[in-house]
Every structure is written in C-alpha cells, then in structure tokens.
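A.B. asks: Line order of the protein sequences matches chains A and B. Reminder that position 53 of the first sequence reads as 53 in the working numbering, one-by-one numbering, no gaps. Reminder that position 95 of the second sequence reads as 95 in the working numbering, one-by-one numbering, no gaps.
Read the hints as simulated data drawn from the structure, not as lab findings. Note that the Cβ used here is the ideal one computed from N, Cα and C, for glycine as well. Among the hints, erroneous ones may be present.
With the C-beta cut set under 7 Å, the calculated list includes, among others, these residues of chain A facing chain B [what the hints assert, rightly or not]: (1) 185; (2) 196; (3) 320; (4) 469.
Listed below are the residues making up each chain.
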Amino acid sequence: MLSLIVFLPILAGLIILAVPSSQKQIIRIVTLLAAFGQGILAVLIWQGYDPSLPGITASADGSLDGSFQFVERLPWITLDLGAFGTLNIEYFLGVDGLSITMVLLTALISIIGVLSSWTISKQVKGYFILYNLLSTAMMGCFVALDFFLFYVFWELMLLPMYFLIGIWGGPNREYAAIKFFLYTLFGSVFMLLVMIGLYFSVIDPATGNHTFSLVAMASQENYIEGSIFGPESVFWRYAAFIVLFIGFAIKVPMFPFHTWLPDAHVEAPTPISVILAGVLLKLGTYGMMRINFPFFPEVFQASLYVIGVFGAINIIYGAFCALAQSDLKKLVAYSSISHMGYVLLGLAANNTEGMVGALYQMFNHGTITAMLFLLVGVIYDRAHTRQIDKFGGLASYMPVYAGIVTVAWFASLGLPGLSGFISEAFVFVGAFSAEVTRNLAIVSVLGIVFGAAYLLWSLQRMFLGKRNPDAVYELHKDAEGNDVIHFHDWKGKNDLDGRELAMLVPLAAIIIVLGVYPMPVLGMITTSINKLVEVLSPVVLTALN
Amino acid sequence: MYELPSGAEIQAIITTLKTSAVYYLPEIYLSALFLVLILSDLVFRQKKNQLLSIVSLFGLTGSLWFIWKQHSMTGQEIFFGMYVIDEFAIFFKYFFVVSAILTVLMSMTSDELNKRTSGVGEYYVLVVGMVIGMVMMASSTDLLMMLVSMELVSLAAYVLTGYLKRERRSTEASLKYLVYGAVSSGLMIYGFSILYGLTGETNISEISSVLLSRGYDPVTLMIASIMILAGIGYKVGAVPFHFWSPDVYEGAPIPVTALLSVASKAAGFALLIRFFYVAVPHGPDTGAFTPGSEWLLLLMILSVTSMIYGNVVALWQTNVKRLLAYSSIAHAGYILLGIIVMDELGTQATLFYLISYLMMNFGAFLVAVTIANKTGSENIEDYRGLGRRMPLAGAAMTVFLISLVGLPPTVGFIGKLMIFSALLAKGSVFVWLALVGVLTSVISLYYYMLIPLNMYLRESKQPLPDTIRSGMLPQLVTAGLMLLTLYFGIFFTPLSDFARYAVTLFGNQLY
Numbered sequence: 001m002l003s004l005i006v007f008l009p010i011l012a013g014l015i016i017l018a019v020p021s022s023q024k025q026i027i028r029i030v031t032l033l034a035a036f037g038q039g040i041l042a043v044l045i046w047q048g049y050d051p052s053l054p055g056i057t058a059s060a061d062g063s064l065d066g067s068f069q070f071v072e073r074l075p076w077i078t079l080d081l082g083a084f085g086t087l088n089i090e091y092f093l094g095v096d097g098l099s100i101t102m103v104l105l106t107a108l109i110s111i112i113g114v115l116s117s118w119t120i121s122k123q124v125k126g127y128f129i130l131y132n133l134l135s136t137a138m139m140g141c142f143v144a145l146d147f148f149l150f151y152v153f154w155e156l157m158l159l160p161m162y163f164l165i166g167i168w169g170g171p172n173r174e175y176a177a178i179k180f181f182l183y184t185l186f187g188s189v190f191m192l193l194v195m196i197g198l199y200f201s202v203i204d205p206a207t208g209n210h211t212f213s214l215v216a217m218a219s220q221e222n223y224i225e226g227s228i229f230g231p232e233s234v235f236w237r238y239a240a241f242i243v244l245f246i247g248f249a250i251k252v253p254m255f256p257f258h259t260w261l262p263d264a265h266v267e268a269p270t271p272i273s274v275i276l277a278g279v280l281l282k283l284g285t286y287g288m289m290r291i292n293f294p295f296f297p298e299v300f301q302a303s304l305y306v307i308g309v310f311g312a313i314n315i316i317y318g319a320f321c322a323l324a325q326s327d328l329k330k331l332v333a334y335s336s337i338s339h340m341g342y343v344l345l346g347l348a349a350n351n352t353e354g355m356v357g358a359l360y361q362m363f364n365h366g367t368i369t370a371m372l373f374l375l376v377g378v379i380y381d382r383a384h385t386r387q388i389d390k391f392g393g394l395a396s397y398m399p400v401y402a403g404i405v406t407v408a409w410f411a412s413l414g415l416p417g418l419s420g421f422i423s424e425a426f427v428f429v430g431a432f433s434a435e436v437t438r439n440l441a442i443v444s445v446l447g448i449v450f451g452a453a454y455l456l457w458s459l460q461r462m463f464l465g466k467r468n469p470d471a472v473y474e475l476h477k478d479a480e481g482n483d484v485i486h487f488h489d490w491k492g493k494n495d496l497d498g499r500e501l502a503m504l505v506p507l508a509a510i511i512i513v514l515g516v517y518p519m520p521v522l523g524m525i526t527t528s529i530n531k532l533v534e535v536l537s538p539v540v541l542t543a544l545n
Numbered sequence: 001m002y003e004l005p006s007g008a009e010i011q012a013i014i015t016t017l018k019t020s021a022v023y024y025l026p027e028i029y030l031s032a033l034f035l036v037l038i039l040s041d042l043v044f045r046q047k048k049n050q051l052l053s054i055v056s057l058f059g060l061t062g063s064l065w066f067i068w069k070q071h072s073m074t075g076q077e078i079f080f081g082m083y084v085i086d087e088f089a090i091f092f093k094y095f096f097v098v099s100a101i102l103t104v105l106m107s108m109t110s111d112e113l114n115k116r117t118s119g120v121g122e123y124y125v126l127v128v129g130m131v132i133g134m135v136m137m138a139s140s141t142d143l144l145m146m147l148v149s150m151e152l153v154s155l156a157a158y159v160l161t162g163y164l165k166r167e168r169r170s171t172e173a174s175l176k177y178l179v180y181g182a183v184s185s186g187l188m189i190y191g192f193s194i195l196y197g198l199t200g201e202t203n204i205s206e207i208s209s210v211l212l213s214r215g216y217d218p219v220t221l222m223i224a225s226i227m228i229l230a231g232i233g234y235k236v237g238a239v240p241f242h243f244w245s246p247d248v249y250e251g252a253p254i255p256v257t258a259l260l261s262v263a264s265k266a267a268g269f270a271l272l273i274r275f276f277y278v279a280v281p282h283g284p285d286t287g288a289f290t291p292g293s294e295w296l297l298l299l300m301i302l303s304v305t306s307m308i309y310g311n312v313v314a315l316w317q318t319n320v321k322r323l324l325a326y327s328s329i330a331h332a333g334y335i336l337l338g339i340i341v342m343d344e345l346g347t348q349a350t351l352f353y354l355i356s357y358l359m360m361n362f363g364a365f366l367v368a369v370t371i372a373n374k375t376g377s378e379n380i381e382d383y384r385g386l387g388r389r390m391p392l393a394g395a396a397m398t399v400f401l402i403s404l405v406g407l408p409p410t411v412g413f414i415g416k417l418m419i420f421s422a423l424l425a426k427g428s429v430f431v432w433l434a435l436v437g438v439l440t441s442v443i444s445l446y447y448y449m450l451i452p453l454n455m456y457l458r459e460s461k462q463p464l465p466d467t468i469r470s471g472m473l474p475q476l477v478t479a480g481l482m483l484l485t486l487y488f489g490i491f492f493t494p495l496s497d498f499a500r501y502a503v504t505l506f507g508n509q510l511y
C-alpha cells in the first residue's frame with residue numbers, strides 16, 4: 001500500500017514518457033489520475049490507521065507490531081564488506097503518527113498542485129514528468145524508515161525542483177533555482193556523513209548487524225559503546241546534532257538559512273510554490289522530529305533554548321520582513337518563514353502540548369499557505385503583477401475571490417475558528433508551560449500582532465476601498481451601469497473559475513472544519529507525540545546512564 | 001668481471017619464460033591485435049570504411065575472454081617476479097579493455113576524428129597499444145617493469161593527443177603533455193634509482209622487506225617517495241602534478257580525452273595502490289593504523305589539494321572539456337581518499353569509485369561528442385537550448401553530471417558513499433577528510449549544473465531546428481550508459497561484490 005502510494009506518480013511519469021508531447025491533455029489527465037490515486041490510497045491508509053499505536057521506536061519487545069503500521073520491509077541491498085560484516089540497506093516503509101498527517105497533506109497538496117498546473121503550457125510533457133518525480137520523492141521521504149532510503153528520496157527531490165523552478169519560473173529563475181539547489185545540498189551532505197557514522201554506531205537488536213533503520217536508531221540502547229556516535233562520544237554527538245539540525249533547518253527554512261526561500265518562491269510557478277510551501281518545508285521539521293531529536297536526545301535537551309530562540313527570531317523576523325514587502329508573493333513567502341517559526345518554538349517546548357502544536361501547525365501551514373500561494377497565483381494570472389499597490393477595491397469586483405482570500409488571510413493570522421488558531425494556541429500553551437521557553441513565548445506573541453498587521457494591511461490595500469489610480473485593471477460599465485473589472489489580455493472569467501474553485505474550496509473547507517473540530521488530526525498524532533516526548537525526556541536518559 | 005651464464009642457467013631461463021607465457025596470454029593476444037591492426041591498415045589503406053574500428057572493437061572484446069581465463073591463475077608470479085596475476089590486476093585489465101571499447105565506439109561516431117584527419121588507421125593501433133601498456137602497469141611488480149609499461153602508455157598517449165594534426169591546440173597539447181611527461185618520468189626514475197640504492201632490489205616486495213629488515217634513512221626515503229609520487233601523481237592528474245591536464249584534455253580529440261581521463265588515470269591508481277601497499281613498509285603491526293612511512297601524509301596533501309583546487313577552479317570554465325578536466329582532477333582527490341584508508345574497505349571503495357567514474361565520465365564525454373558533431377563546439381554557451389532538441393542527450397548528460405556530483409540515485413552517489421564509509425569506519429581520525437570531500441562536492445554542483453542550465457534553462461541565440469537527430473550508435477551507447485548509471489545507483493550489489501572480489505593484492509602486507 002505504501003509502496004503504491006509512493007511509486008504511483010513514477011508510474012504515471014513512465015506512461016507520460018510514452019505519450020507524444022503534443023497530447024497535452026492526456027498528459028495532464030494521467031498525472032491527475034495518479035494524484036487522485038494517491039489521494040484515495042492516503043484516505044484508505046488514514047481509515048486503516050490505528051491511532052493508539054505510538055510508533056517512533058520499536059515496541060518494548062523490539063518488534064514493529066504495535067508500533068508502526070502498514071510496514072513494508074524487504075532487504076534491498078546486502079553488501080559483503082569483509083571485516084566490517086555486511087552492509088544492510090532495507091526497503092523499509094511504515095507510518096506512525098508523525099508521518100500519517102504528512103502523508104495526507106502530501107497527497108492533498110499533490111492533487112491541488114496538478115490542478116494548479118493545468119495552465120502550464122510550455123513543455124508540458126517535461127513538466128509533468130518532473131512533477132511526478134517530485135511527488136514520489138516527497139511521499140517517499142515521509143514514509144521511509146530506513147535512513148538510506150530516506151536520504152535517496154530527500155536528494156531525489158532536488159533535481160526536479162531545480163528544473164521546475166529553473167525552466168518554468170520567473171525572470172530571475174536561474175539564480176533562484178541554483179540557490180535552492182546549493183543551499184539544500186549543503187545541508188544534506190552533512191546528513192550523509194552523519195548517516196554513515198550512525199550506521200557504524202547502531203546495531204539492530206533483532207539481527208545483531210549494523211543497520212540504517214531509523215527505528216533502531218531512535219532507541220539509545222542500540223548505540224554501541226566506543227563507536228563514533230556511541231553514548232560516551234560527547235563531542236561527535238554534539239557535532240552530529242548540530243550539522244543535522246542545520247541540514248534540516250535549511251529546509252524549514254530557519255533564520256539565518258532562509259534566504260533561498262523568498263527567491264525560490266518569487267520565481268517558482270504557482271503550483272511549485274504551493275508544493276514548496278505546502279510540503280517541502282515540512283520535511284525540515286519532520287526530519288528534526290524523526291531523526292535529529294530522537295537520535296541525539298541529550299543534545300536536544302541541552303539546546304532547547306537555542307532552538308526556541310531561533311524559532312522566535314523566525315516568527316518576529318519573518319513577520320517584519322513580510323511587513324516590508326510590496327510583492328504579494330514575497331509577503332506570503334516571508335509569512336511562511338514566520339509560521340514555520342511556530343513549529344520550531346513548539347518543538348523547543350519539549351512537551352506534549354508544544355509538540356502536538358508543532359505537528360498540527362505543520363499540517364495547517366501546509367493547507368493555509370498552499371491556499372495563499374494559489375490565491376496569489378490567481379491574481380497574477382490575470383494581472384501579470386503581484387505588486388500590492390497595483391490593485392485596490394478588488395472586493396467589489398471579484399467578490400468570490402475576495403471572500404476566499406479573507407478566509408485564507410484570517411486563517412493565516414490565526415483567527416479562532418480556523419485551523420491555524422488551534423495549532424498556534426497549542427504551541428503557545430506548550431511553550432509557556434515549559435520553563436525554558438516561557439520568555440520566548442511571550443516575545444513570540446508579538447509575531448501574531450505583526451502577522452495581523454501585514455495580513456490585514458495587504459488585505460486592505462488590495463481589496464478594500466476604491467481602485468488605485470495606477471491599478472493594473474480597468475473598470476467598464478455593463479448594461480445595468482455596474483462596474484465590471486477588466487484585465488488586459490485576460491480572456492477567462494474575471495472572478496474565480498471552476499478549476500480555481502475546485503482547488504480553493506476544499507482547502508477552505510479543511511481549514512474551517514479543522515478549526516472547529518481538530519480531533520481527526522489531533523487524535524492521530526497524540527499517541528506518537530507522547531511517545532516522542534518520552535523518548536526525548538531526560539528521565540529515560542538518566543535511566544540509561 | 002662478467003661471466004657468461006652456463007648452459008643450464010640459460011635452460012632454466014627459457015623454461016621460466018615458457019611457463020610464464022601461459023600466464024601472459026591477454027597481453028600476447030593484445031599485442032597480436034596491435035600487429036593485425038597495423039597490417040590491415042597497410043593492406044586496406046585505400047578503403048574509407050570502418051574496418052579498423054570494427055576489427056579493434058571485436059579484437060578488444062575478444063581479449064575479455066583471455067582475461068576471464070586468468071581468474072583460475074591468480075596468485076602467480078611470472079617472469080622472475082617482474083609480473084603477477086592477481087584479482088586486482090584482472091580487475092584493472094577488464095577496466096582498461098572496457099574503457100578502450102567505449103573509446104573505440106566513441107571514436108567511430110566522432111566527426112572530429114573521421115572528417116578532420118587524414119586517416120584513422122594508426123589511431124586504433126595506438127589505442128590498442130595504450131591498452132597493452134595499461135594492462136602491464138596493473139600487473140607490474142618490478143620497478144623496471146613499472147617504468148617500461150608507464151612509458152608505453154605515455155608514448156601512445158602523446159601521439160593520440162596530437163592526432164588532430166591540423167589543429168594548433170591539439171599539437172600544442174601533445175607537446176605540452178610530452179614535456180611534462182618527460183620531466184615527471186625523469187623524476188620518477190630518479191626516485192626509483194634512490195630506492196634501488198637504498199635496497200639493492202627492484203622487486204617491490206623485496207624492497208619492502210629489505211627496508212624493514214635493514215632499516216633506512218628517513219630523509220632519503222622521503223626524497224625518493226616525493227619523486228616517485230611526482231611520476232604517479234602526473235599519471236593520475238592530482239594537484240600539484242596536474243598542470244598538463246586542462247590543456248591536454250582541451251586539445252585532444254574528445255574520445256582520447258575520455259580515455260586519458262578514465263583509463264590512464266585508473267592505470268596510475270593501479271600502480272599507486274600496488275606500490276603503496278606492497279613496496280612501502282608499514283611496520284610490524286600491519287593490521288593497525290600505523291603506517292611505517294610519511295607516504296600517508298603526502299597522499300593526504302595530494303588528495304585534499306586536488307579536491308579543493310579541481311572543484312574551485314572548475315567554477316570558471318567555459319569549455320566542457322576543460323570543465324571535465326578540472327572535475328577529473330577533483331575526482332582524483334576523491335579516489336585518493338579511498339587509498340589513504342589503507343584497508344580492504346578502502347580498496348573496495350576505490351575500485352568501486354573507479355567503475356562508477358568510468359560510466360559517468362565516458363557518458364559525459366560521449367554526449368559531448370554527440371553535441372560537438374552537431375554544433376562543432378565544446379563551449380558551454382553553445383549548449384543553449386539543446387536539452388529540448390536532443391532529449392536523450394540532455395537527459396543523459398544530466399544523469400551523468402548529477403552522478404559526478406554524487407547525488408542519488410546514481411552510481412556516483414554510491415561511489416562517494418563507499419569512500420566516505422571507508423573513511424568513517426576508521427572512527428574519527430579521517431572525519432576531516434570526509435568533510436573536505438563533501439563540502440567540495442557541494443561546490444562541484446554549481447559548475448556541473450552549468451551544463452544542464454544552458455541546455456534547459458536558456459534559449460539558444462541562433463535559431464535551431466526543433467529536433468536534432470544523432471546517429472543510432474551513439475544514442476544506443478548513451479542510453480545504455482545512462483541506464484547503467486541509474487541501475488547501479490539503486491542495485492549496486494553486483495558492482496560492489498565485483499570490487500570486493502578484486503581487492504586481493506599479491507604480496508600485500510596491509511590486510
């Protein structure tokens with residue numbers, strides 16, 4: 001089941017390879033079918049998921065039953081290394097509370113992304129092949145439980161992303177694409193070294209061999225004494241934690257490694273921005289929760305405050321930058337940085353409330369930011385500009401658009417009743433109840449205020465009042481004397497058309513439903529988060545020593 | 001006063017030669033092929049066809065059978081200890097023959113060679129001659145034999161580099177190569193003679209045991225080491241003995257560049273590993289990490305400077321061949337990392353890396369040939385807009401380049417993984433080397449991606465036809481190499497087992 005959900009898009013990509021490039025509609029439909037297939041599978045997995053099983057590590061008896069679900073485990077590569085025994089790499093997939101929400105989110109965003117890609121008309125075949133490759137890599141990352149496999153999927157994302165930004169992007173796309181590539185690769189090569197070091201440090205208790213299994217690595221008792229990341233090897237464990245953290249922080253992106261993000265977002269086409277913000281950024285924090293923190297819990301305990309500080313900086317700094325933007329897409333990009341700061345803050349709280357808030361915020365940020373970028377795309381398609389002051393008074397002429405924008409904007413600023421509120425509230429509850437992050441929580445609340453400021457201000461400038469004198473659209477009178485908006489060389493419907501509604505309405509519905517009744521997601525993740533907190537807790541560590 | 005050998009002694013020598021010849025069949029076969037090619041060039045001179053290339057293609061393929069037969073003869077010293085048959089040498093014999101086959105395939109499709117020269121007869125003869133030299137380099141266990149085989153390779157390479165007689169840069173490259181080659185060979189001979197002076201032996205195992213038993217003056221040995229490393233470093237193209245390589249790679253015909261950058265480099269590594277692991281005394285405690293000489297430090301310097309210099313200077317290149325030349329300097333640095341580890345895992349990683357390097361580098365050069373045939377240019381600027389027009393070449397080039405960077409799922413990634421695993425398996429002593437390795441590979445991403453950048457992200461300045469077709473043969477070979485690069489990036493067990501099988505080194509005292 002998990003294999004299918006991962007490799008379905010690749011299958012679609014292979015089919016597309018055989019379709020002549022003139023058949024654009026067939027190519028789009030094949031990709032859409034694959035994405036829907038993923039969606040159906042994701043729902044089936046969700047339905048079959050038992051929220052009472054914790055995951056994170058193996059069960060007390062060392063088996064995976066009663067821990068991970070939908071496990072697929074096959075030996076993939078077995079190498080004879082002579083004196084070093086054998087190198088075992090497994091094809092090892094499974095989900096727990098951390099990944100199930102991300103699987104659902106990825107499937108959802110993939111479908112939205114295909115719909116949003118419908119208007120791409122340049123080199124359609126190449127675009128959708130790369131899109132499918134990206135889709136497989138993202139899904140693979142979230143379900144992989146073998147570090148090697150995870151790393152392959154992680155790196156596999158980079159190349160399609162490079163081309164998707166580089167070929168179909170905006171004017172400055174070359175710079176943005178290579179910057180994205182270099183930043184992420186810089187982070188991940190350290191991960192490669194840590195991965196190799198972990199391999200030599202960890203023994204799978206079931207087989208007695210060295211292993212790449214993320215599950216085995218999450219239990220401290222599997223680390224061998226005297227190995228490079230063994231219990232007493234303090235220096236290397238700190239070094240590994242720091243470089244891994246930087247690697248994942250680049251993806252989040254955390255200040256000061258965030259500068260690739262605004263560039264990438266501004267240049268990327270809308271669907272790629274949606275994927276980037278909706279899924280790719282989550283991989284950073286997912287990696288922290290799955291790999292970085294549980295592997296080196298004592299270092300995590302020691303660096304809570306630092307992580308919290310970076311989270312707070314992200315929140316405030318992102319909000320300030322967003323406040324200064326005149327380009328709507330850049331504003332959304334910086335708001336994304338700000339909102340990922342909440343995730344970091346929640347993680348730094350190191351308690352169930354904070355971590356639940358962080359994971360829930362990851363999901364909500366995925367849906368909300370996807371919506372924001374789609375809405376930016378809608379107006380950019382029509383007006384060919386994203387400058388906030390080139391509009392004004394849009395609410396009167398595009399009422400449906402304005403309505404959905406309002407939902408998304410308010411969800412983003414954390415209005416009660418919408419999903420963003422609940423996750424941010426959890427993060428603050430968690431951060432406030434933990435001694436170490438209490439002051440940071442107080443400072444970070446300012447982020448909400450600034451968030452409200454830039455969001456409401458942009459809303460006001462673009463949608464309220466009258467048309468700006470230098471706006472990019474004209475107004476014509478129709479037969480009844482009402483003003484009708486007119487964009488240059490835009491032939492489609494002025495307000496949202498069916499395809500756009502098909503993308504936006506489900507997202508809006510999810511945001512509202514999860515804002516009112518968050519239990520479908522919270523119920524799934526709580527057991528795993530409790531387990532994660534337990535794995536990270538100092539009590540367990542002292543018991544070990 | 002010199003005494004003539006007695007009849008019985010001569011008889012014994014002849015017997016040894018006779019018995020040794022059985023173990024020397026691949027080399028004899030290749031020499032016969034060499035002669036057949038010369039003859040067929042003379043006889044069929046007038047006919048402008050691919051006869052010679054096809055003869056050399058089949059001839060080289062045939063030699064694989066003779067090499068395969070040698071698997072049952074391993075552990076054999078022949079010709080009075082001048083030459084050995086071991087799995088290590090057999091591995092490299094396969095490697096060189098396969099490289100030569102790919103070079104011949106590439107040469108058959110190259111317009112540069114087939115249209116702009118007076119004839120390609122001697123070309124294939126020289127390629128086979130170079131293969132003979134490299135095969136002997138991998139098996140030599142005697143200083144004299146090493147020197148002779150290395151010179152054989154160099155001589156063939158000088159002529160091949162200057163094969164485009166009418167092009168100035170080709171001639172210039174050839175002369176440069178010759179001058180640098182002569183100097184570094186001279187240094188190496190001097191180093192060998194000092195070593196001979198220290199020990200009175202030319203056989204590398206004997207050298208090692210004499211050095212150990214009798215002791216030596218460390219300064220003298222250091223001088224000899226540096227001089228010998230200059231010769232080998234020149235062959236593998238490691239900094240600071242790399243100065244010839246960018247000019248030579250740029251000037252030589254592309255298939256020759258590919259052969260030089262892969263096979264000739266690998267031959268240098270074969271020699272280096274054998275010499276370093278066998279001739280250099282490593283102290284009584286051979287198992288532990290206590291090398292008995294300063295060689296390790298020298299190799300580390302070579303490796304680190306190669307990685308940094310090659311990758312950084314490549315950033316400014318505008319010519320694909322020059323870019324790949326600097327990349328090959330950098331790769332020499334990565335391969336040296338595997339040798340520095342000095343254990344089975346390190347050798348295995350080195351050999352694996354060489355195979356992966358063979359696939360990706362030949363692939364990249366093959367695409368460069370295909371494109372040069374169509375555009376007549378090797379400038380990266382002239383690659384603009386080609387990705388869409390030559391879909392296979394574009395996709396394949398991208399795969400080869402990300403493999404050179406070392407990104408999954410390609411064989412180049414596994415190569416780097418094995419090298420870094422070998423380093424980290426030693427604990428924390430080599431972590432800094434691994435760090436240099438990964439950081440320079442991030443730098444390399446930038447210049448490698450310049451090629452896909454121009455192929456896909458930029459539109460050409462001149463109008464180009466919508467699709468550019470190339471011949472059947474280059475397409476097949478390109479596709480084959482691309483699929484292998486990807487396949488072995490995901491299922492690399494066979495390659496890795498092959499490399500593991502080949503780590504057995506005759507007379508090795510390290511493992």
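A.B. asks: Each hint should be assessed against the structure and marked as holding or not.
C.D. replies: The hints, checked one at a time:
no.	hint	in the structure
1	185	holds (5 Å)
2	196	holds (5 Å)
3	320	violated (30 Å)
4	469	violated (37 Å)
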